[in-house]
Amino acid sequence: MAAIDARGDDVVLKLEDNERSLMLTVFSDLAALLSEGQEGTEGDDRPDSENWEARLGLVERPRPEDPALLRLFPDVDPEDAERSEEFRRLTEFDLKQAKAHNVRIVMTGLGRGESITLSRDEVLAWMKGLNDLRLVLAVRLGIDTEETQEAMYANRADLGESEELTLTLYDFLTWIQDRLTTTLLEGMQDGEER
Amino acid sequence: MSNPTTPVLEPEVDVRPAEDLAKPWKTVVFNDPVNLMSYVSYVFQSYFGYSTEKSHALMLEVHEKGRSVVATGGREAMERDTQAMHEFGLWAACQPETGSD
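Top line first, the protein sequences correspond to chains W and L. Position 51 of the first sequence, counted from 1, bears residue number 51 in our numbering, the numbering being contiguous throughout. With the second sequence counted from 1, adding 1000 to any position gets you our numbering.
Since the hints were made in silico from the structure, they are not lab data. A portion of the hints provided could be inaccurate.
[Claimed, not checked] Short, incomplete list of chain W residues facing chain L, as computed with Cβ under 8 angstroms:
#1 N51
#2 M127
#3 Q177
Quantities reported herein were computed from a predicted structural model and do not represent experimental measurements. Just so it is clear, CB atoms sit at the ideal spot from N, CA and C, and this is done for glycine as well.
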């Protein structure tokens, strides 16, 4: 059973082998989703860091058709398509890089064995990475409002095997993210009281 | 020497009218079923530096009213805040202040 405890400035996360291997699989999927369309023009095998056209906002970035990607990279103003398009061209590359970086930090941590010691910065990357993964899973499950979420839990017995597994995984990731967050919040409150 | 098929990059100069710079903009955070109450409070505290009480109140407003204006200011600052919210995975937008909120 997973456990999370604060130890000084660090947070220690204990995960079973099967929990870690499942998380590695789904975070690899998230990394693959984030690298979609990131290569720029076809045949361009430069690393992202050298893709200066994208960094400078010189490459058109179409609005994602995949609703999961659109949730990770929302319009800057849903009521202004033109400004959203411009903002996406100027910022989406950097945002994708930041999200991919968080996923790499999670995967590095998962490789540390069953007892994972995380610094505060790593905990923050885990919280963001877990949140992004949960956003994607929620879209895949069709959870887009609190009503659809309640309906999904109320009719849990009727779910197919694959959906049931995804929902169980979603709950597990929710628990880890919430525990990591409350651990950091408690640390901040201790700081205020001092 | 130039190749006629090579596109020439011309700088697009976007001149914003002076009043646009002074016009207030806002960063709005919308409710969604995925973001945790603890996490949203944490984001407001750590990113904006708001107190525990203010962060909690803003989080509850997002949760109960569906949206909350979490910051106001110049367009560039609000766009920066909105992008930061997107990095945290919060559903946020930067919009011109219309006076309706």
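Hint-by-hint comparison with the structure:
For W/N51, the suggested interface contact is broken, since its CB lies about 16 angstroms from the closest CB of chain L, more than 8 angstroms. For W/M127, the interface hint holds, since its Cβ comes within 8 angstroms of a Cβ in chain L; the closest pair sits about 7 angstroms apart. Using the Cβ-Cβ criterion of 8 angstroms, the hint placing W/Q177 at the interface with chain L is satisfied: the shortest such distance is roughly 6 angstroms.
The earlier numbered hint that this structure contradicts is number 1, and it is the only one.
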